[in-house]
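Just so you know, the protein sequences line up as chains A and B, in that order. For the first sequence, the working numbering gives the first residue as 1, with consecutive numbering after it. For the second sequence, the working numbering gives the first residue as 1001, with consecutive numbering after it.
Worth flagging that the hints you see were computed from the coordinates, not collected in a lab. Watch out, some of these pointers could steer you wrong.
Dumping the calculated SDA-like pairs for lysine to any residue here, alpha-carbon to alpha-carbon at most 20 Å [to be verified]: (1) A/K129 / B/K1267; (2) B/K1041 / A/Q258; (3) A/K12 / B/Q1024; (4) B/K1182 / A/I85; (5) B/K1041 / A/T114; (6) B/K1267 / A/T89; (7) A/K155 / B/L1051; (8) B/K1033 / A/G127; (9) B/K1033 / A/Q131; (10) B/K1267 / A/L25; (11) B/K1033 / A/F120; (12) A/K129 / B/K1182; (13) A/K288 / A/F254; (14) B/K1267 / A/I85; (15) B/K1182 / A/H17.
Pulled from the structure, derived: some chain B residues nowhere near chain A, Cβ distances all over 10 Å [stated by the list, open to error]: (16) M1037; (17) F1141; (18) P1159.
Every residue, glycine too, gets a C-beta built ideally from N, C-alpha and C.
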Amino acid sequence: MKAISIENISKKYILSHKKKKYQNLKESVSGFFGELFTSKDEEETKEVFWALRNVSFDIEQGDRIGIVGSNGAGKSTLLKILSRITEPTSGQVKVNGRMASLLEVGTGFHPELTGRENIFLNGSILGMKQQEIKGQFDEIVSFAGIEKFLDTPVKRYSSGMYVRLGFAIAAHLEPEILIVDEVLAVGDSEFQKKCLGKMKDVSSSGRTILFVSHNSTAIQGLCNKAAFLQKGNLVKYGEVGEVLHDYMTSISKFQLQQNWETPENAPGNDKVRIKNIEIVPEFINANKNIDVRTPLKINIEFWNMLESAHLNLSIFLYNMTGECVFNVGSQAKTFSKGLITALLEIPANFLNDGSYYISVMIVKDTADPIYFMEDAISFDVADWREGTNWYGKWPGAVRPINISVKTWKVDGLI
Amino acid sequence: MERNEVLIKAGKSALNYWREVWRQRELFWILGKRDVMVRYKQSVLGIAWALIRTLLTTLVMAFAFGKIAKLDQTTSIPYILVVIPGVIIWLFFSQCLLQISYSIVGNGNLVSKVYFPRIIIPFSSFLVGLLDAIIAIIFFFVVCIYYQFSPNWHVIFAPVFLLLTYLGAFGAGLFAATLNVKYRDIGQIIPFVVQFGYFISPVAYSIEEYKTKWWYPIYNLNPVAGTVDGMRWCLLGDFAEFNWQSFIPMLIFVTISVLFSIWFFRKNENSFVDHL
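Build the full structure now, drawing on both the sequences and the hints.
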């Protein structure tokens, strides 16, 4: 059965471009008269901005849908329409079942009231009856971990406690459809782990979840389907793996290969000219994205115009902050004139997730750089997690998970 | 748990709206209770403030209008007894008006993040004022005992006039609240109106001898005039006549303003989020 049926939803905003941002009563009234007499120069320009355009898709009961898109794609607007915070300009949505949305944690919390009072207030605002809240009260308190602070005003809570309490209340709402908007963006990793765990529980009991996040790993872990929005349009809706692939492709700037046919238009100088630089990922298991498990081959071909030169190649790998992750070089060999090939193999499970670019230097006599090509190719490495419920950013320039840490027990010591 | 299908589309669905208001009626109490609790948190005197406010207003008025302006010569019963019903109504009306007109903007964080029928917000913001009014009425009875004055059976109508006062404040306040979301000037105008409204309402004085003047009917368009006169009739028994001339206009004003402002509110409700 369809839980939510979205049909051709559009939302339009009218942006006016005037000097003054505020509109007050006087301006409106005088503007009305002014329009009768005004000359063209004084007219304000109005721009129509479509936050959403003809978005349609259906959600079955029990689906877990991830909604992805860059900032400004219309994700939050769609959630607001579903939550009935704002009206669509056209189109309609049919919703079957009780729906609760968590657009912000701690909605309605009043800083002067205690934790206990706020639980009843927030729960009621979110749609729970007083009886229901009483029934779930103890569970909410233990999930949030604030037993000691129940009777202190919420303004005294740390931000972590605040957010845990807000989520705890929402998590116990027991609606048929739960809408969650980027609440994982706040809170520490422990909290995020709890949230995702709870959402998994909620979904395994047959409830429908709509989840907006920028954290693709979390979406991959939790959702079965995804919707990709871009500039108000629904670009793709379907299996989470496919949609995420399209999403990642669209946001990554990459250049996986550059090549030139003839030395004349190739980059270089009178000594060497680059013919081809490419990165070839060895995809495993029909995976289409480069992720941390993908071994990478970097092929470089260049023309050597020197008669007999003692050359080696030096390859630099930079991450997006400009830090050099590593610099490796080939053994210097003597080459005669002609086409020379180099191969660098980066093993699987070595690089961390992130964006990288490669620069190449050709060196003569082991100390004399004769050509340097910066930013020759760039690529993204996506994250992949297995066997863990933690979805934070894995630190480190590299992630050599095959270098193992051994642990064992030493007896007899206190 | 209800298994209902909800249809979301552009354009109003009035029938479901009021059903939803009923379904979420608990929220009405919760928000009202919240306002009351918040007001008296971290205050030492707590609810005593309501009493102090009424007492001080009455005393100041009795002094300024009674002694200085010598209005206390015009009444047959102790002047202070004439003043108190006016004070009760006025404080209730002005508090409600102020609270209601600011309610939507003040609860902006709720409006922009959660769905519930928005009209519950202004509806619930009168509980704070009501509490004060009840305490003020008790105060009146205490003063009556002091002056050995006993009100008669008219007293049972006191809640009626309180309700009418509330509706008068609601009618004006709801309209102001809706306007205030888009045009924040209203937030400045209302306190100002309350300030001078105080003087053109028969709070401190009784307007009886001016009934024949030409401007009297216009004066009675002020709903506070009607409710103050009514409250006086309730609490002062035979010493105050039931003034039909102020009662009828007040009823008309209240009915029209409430219906109009509810319509205006509903019309603009869905665009609140875009202006908050």
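Going through the hints against the structure:
no. : hint             : result
1   : A/K129 / B/K1267 : 29 Å, violated
2   : B/K1041 / A/Q258 : 69 Å, violated
3   : A/K12 / B/Q1024  : 30 Å, violated
4   : B/K1182 / A/I85  : 17 Å, holds
5   : B/K1041 / A/T114 : 10 Å, holds
6   : B/K1267 / A/T89  : 15 Å, holds
7   : A/K155 / B/L1051 : 29 Å, violated
8   : B/K1033 / A/G127 : 17 Å, holds
9   : B/K1033 / A/Q131 : 17 Å, holds
10  : B/K1267 / A/L25  : 18 Å, holds
11  : B/K1033 / A/F120 : 11 Å, holds
12  : A/K129 / B/K1182 : 33 Å, violated
13  : A/K288 / A/F254  : 14 Å, holds
14  : B/K1267 / A/I85  : 15 Å, holds
15  : B/K1182 / A/H17  : 17 Å, holds
16  : M1037            : 6 Å, violated
17  : F1141            : 32 Å, holds
18  : P1159            : 26 Å, holds
In this structure, the earlier hints numbered 1, 2, 3, 7, 12 and 16 are contradicted, and the remaining ones agree with it.
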